[in-house]
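Chemist: So the chains spell out like this:
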Amino acid sequence: MKKHSWAVLLPLVVGTVVLAHSVILQGRIVVCYEVGAGKEAATKIYWSTDERFYERHSASRQIKTGGDQKVCLAHRELRNINTLRIDPIDQETEFSISKIFMERLDLLFPWRQLQRMELSIDSVSEIHDATALGDHGRGKYTALSVDPYFTFELNRDQARIRNIAALNLISVSVFFLCGFILLSVSTRPRLVLLLDESAQGLVVFFLYPVYCLAAWSVENYADLFRFSHIVIYLCVVLLLLYSYGRAVDRLTRQARVYLPVITIVLLVVCLDLTVRIGLVDKSLFSKPIHAPYHWNISRSIEDNLDNSSVRYDRDFRRLRTILAPGSRFLADLPTSYFVTAALDMYPVVAHRHHKDWVHIYLTTINHLCRSQDPMGFRRHLQVKAEQVKTHELPLPRYMIIVHDPNNRHLRNSCLSRQFESVKKTLKDALPLIFEGEHVMAFELRY
Amino acid sequence: MIYDLTNSLELHLWIVLLFFAHGTLLVYVARGSIENLLKIDALAVLFSMGFSLSLLLNFLLLAVTSFLGLPLQTTFWALLGLDVLLISTAYVRYRHRSIRLNYSASWIWLIVAIAFVLMINNGGLVDYLADSWWHMSYANKMMLKGTVFLDTHHFGGYDLSKMDLAYEPAWHSNLALLAIVSDYPLPFIWHSLGAWCFCVALVSYYLLVLALTENKALSCVSVIFFIVLFGGINSYARVAPWPGNVSYSVFYLSLVATFVILNNAASGIHAWEKIRCIFKEQTGLVVLLVSLLSLIAVTHVAELVWYVSSLAFYSYMLWIISPRDEATPASSTLVGDSRYLSYLWILYIAALAMVALDRNASPVFVLSVTLPVVVITITARILLSKTDKRFTRNNSIGIAFVFIAALLTIDYQHLADLFSPNPMWDSVVDKYVPKYVVGYFGEKLRLPHWDHQLRAAVLFGGVSGVIAAFYILAVRRDRATVFFCGNAIIAFIVILSPYLFTYIGMVLPVDRVYRFHTLIFSPVILAILLWISYEKSTAQTPDQKGMGEEA
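In the order they appear, the protein sequences are chains A and B.
Counting from 23, one number per residue, gives the positions in the first sequence under the numbering used here.
Counting from 126, one number per residue, gives the positions in the second sequence under the numbering used here.
Since the hints were made in silico from the structure, they are not lab data.
Residues from chain B that keep clear of chain A, each with C-beta distances beyond 10 Å, as calculated:
#1 S213
#2 E406
#3 V430
#4 L466
Just the calculated beta-carbon pair ranges, DEER-fashion:
#5 A/G348 <-> B/Y537: 50 to 58 Å
#6 B/G194 <-> A/I455: 27 to 35 Å
#7 A/K61 <-> B/P488: 41 to 49 Å
#8 B/V489 <-> A/A154: 32 to 40 Å
All C-beta atoms, glycine included, are put in the ideal place defined by N, C-alpha and C.
The shape of chain A in the complex, shown without the other chains (with noise of 0.2 Å):
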């Protein structure tokens, strides 16, 4: 049989055995967790499509004393939820939880584990009748009755999106790692013939995600097939095309030389849709974090101006005037940035990672803008003002607010949303000492 005739009937026979269990297991979801308790127990899961549960939506086992047992309970049922519950035990005493997943059956391992989706102790939406003992990311436990239960709200669509990323990210490697095989081979002296050999039994296997890729995107997530998901398998196409071509020799110098570069060109501006051009909204992960690191074709000079302190450049140079140099200050956590990059002054409220003392004003703006109370806000200080005391840190003595609606960061802070009634509050409580075109300041006074 010839070379590229094994490369079609392969992949055909892989596609097929591929299909054929995912029809078999076809949306069936497994949820494993461990579990641990001191005594003989039932655990159970309830799955539900809004909060509530019903015994019908449920499954259950029996564990035994000792050690963690893993538990995997699954369902066809299971793929359309959006609350599970865990209730871990059934018995009032110490339990433990830990490594809870849910993960789909329906497609082959490895890119099973892409599906996979951890779902944390710390991110639960609810823990009824349990109490964590000591540390509460290592999952032990007290049930304060025999019905403690974990229910996790779960974002699907989270969930969706970080597959798709993982995904695409898998077909562009397979893309890379076809393209360089498939170019390698074009000139073939004596030596490399097992190479080339190789290369072609290489090439049969990586279809085996395309395949798989194409068969999860058309059955799950059709209203999720989005435009850069059209040009990774237009990419796929003009592969196999240039594959096809190169097997039957039919491939002109030009096409041999295009095809592999616009490939990469169509993939690079795949990549580059969501966070640079802007076509696509949603990220291709689920926690754009670097996002705002790269550069976007569409941001403009008064994005950057409008979010920054730029504009109170003239109230900070009279501040500097004002204010004693050296002192500290008290402001919502964008304010404190605004200030300390143009006065010579230190915040009080900051980042954790940039402060390494107790942060003791954290709740002090919330109070503010909660209590709207003068007096009260007084007595908060003065509680503060004694809790600095005891760790031995210099008092702020200033308040500096930014009113600024046009700034993304202050806009975010409830000083900016209730500012008329804070700066009646502050005006009653603390000494006004500058009012100027965005910036306000006030003494603290103890």
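Add chain B to chain A, keeping to what the hints say.
Modeler: Just chain B now, with coordinates in the frame of chain A:
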């Protein structure tokens, strides 16, 4: 004053004057001593080295001014004086003899111009309140207190003895100088510097690739990939004005200077003699290299570790795969490099262990994490020294053995986690610790947390880059492929292996070690892959060659 594109022109002129002028003049004046460097691409060298040397000169003068208790404003006049002196020197020195500079046109300037225009709008102020404001606070305190040597912490206000986060002062002092001289607010300066710093990074990257590949087209493609491919922190365009990213540019330039020195180093003599010859014959380049490394040390010292690590990894790769014959120019370059760098790997692992011991790590712990590294080193040495270093069967077995040994140190659960991001893990306290090694050796082995700016870099750039690196190394071995691909592979293994990661983490804090992904030079690796593919696709068969010759 309304700050927008129109009135930022004045600030951009200040940036050129303070951050480029005197460094560029210095390179121009000293061009006779660094001729070999200028041969690569004179304009690119003037631009990028000009920036780096300007920063260093500014910092030195600011330090002297602060030490003497003079106002920082004085530095500006001193710098103007220096510029006049340099112009005079250039005139006197080169009035009668001209040294032609290689100003050949390159597509890189079009790419850089496009990037500059993009970055004028994007700027350096990222969309949320990140560390950039912390850095501006540092520069602001220098500006307001009139010294680069602060006696209290710029953000916490407490004594330096209680300082939680120490930062090298060079970049911040330069920002302070620019703010004093231009009278623009620091956030606007930070925004505007984004375009300049990113362009310097691009040109430095271009120079590094060009110095190693001697191929301008490939270097330009690498730079395009650097701009468009998602990468790690070193390719974050909008974070370009952060001191770490400024330091990355200098790191690339340091590697360029190192390879230019190696290019022209004498061969066939003893080790001390070699070093003496380098100092004697290439004094200008050595001084330049030392200046660049000093700048890294006073800007963001982690890049010094990357510099040494990249050369050590290159040394290791040379050790295990370099051919020893000098039949081809590519091989002779590798052989030349291996003569100078052959023992750097051993020095590297020994130095790391010594630093760790010096920092009071327990000797048993140091020994435990050193063991896998030593095993990999010794097996490589024993297995490969017996062969003739060509790609023979024995050599392949040796490489396979070393590779398997390295693979055994990898935490595969951690690798799987790379492809399965879990937003719920953020609250886990011991996020850097792979679960299966907790408690071994009395202390914890660590691994980087993928979501700490690392996942996107490794997924989009790293995985493809590392896979491609293996292929490239199998089909082509020259200085560029061995350096870039070797670094990518070893850096990737370091990120995955708790033993290797902890080993290097003993020297640097954990939140810096994860930046090892910088050494996965994905853009250049993918560009080399494309280039090899292009060459293969367009290669003429012997028949076609014959026909061509006849015609």
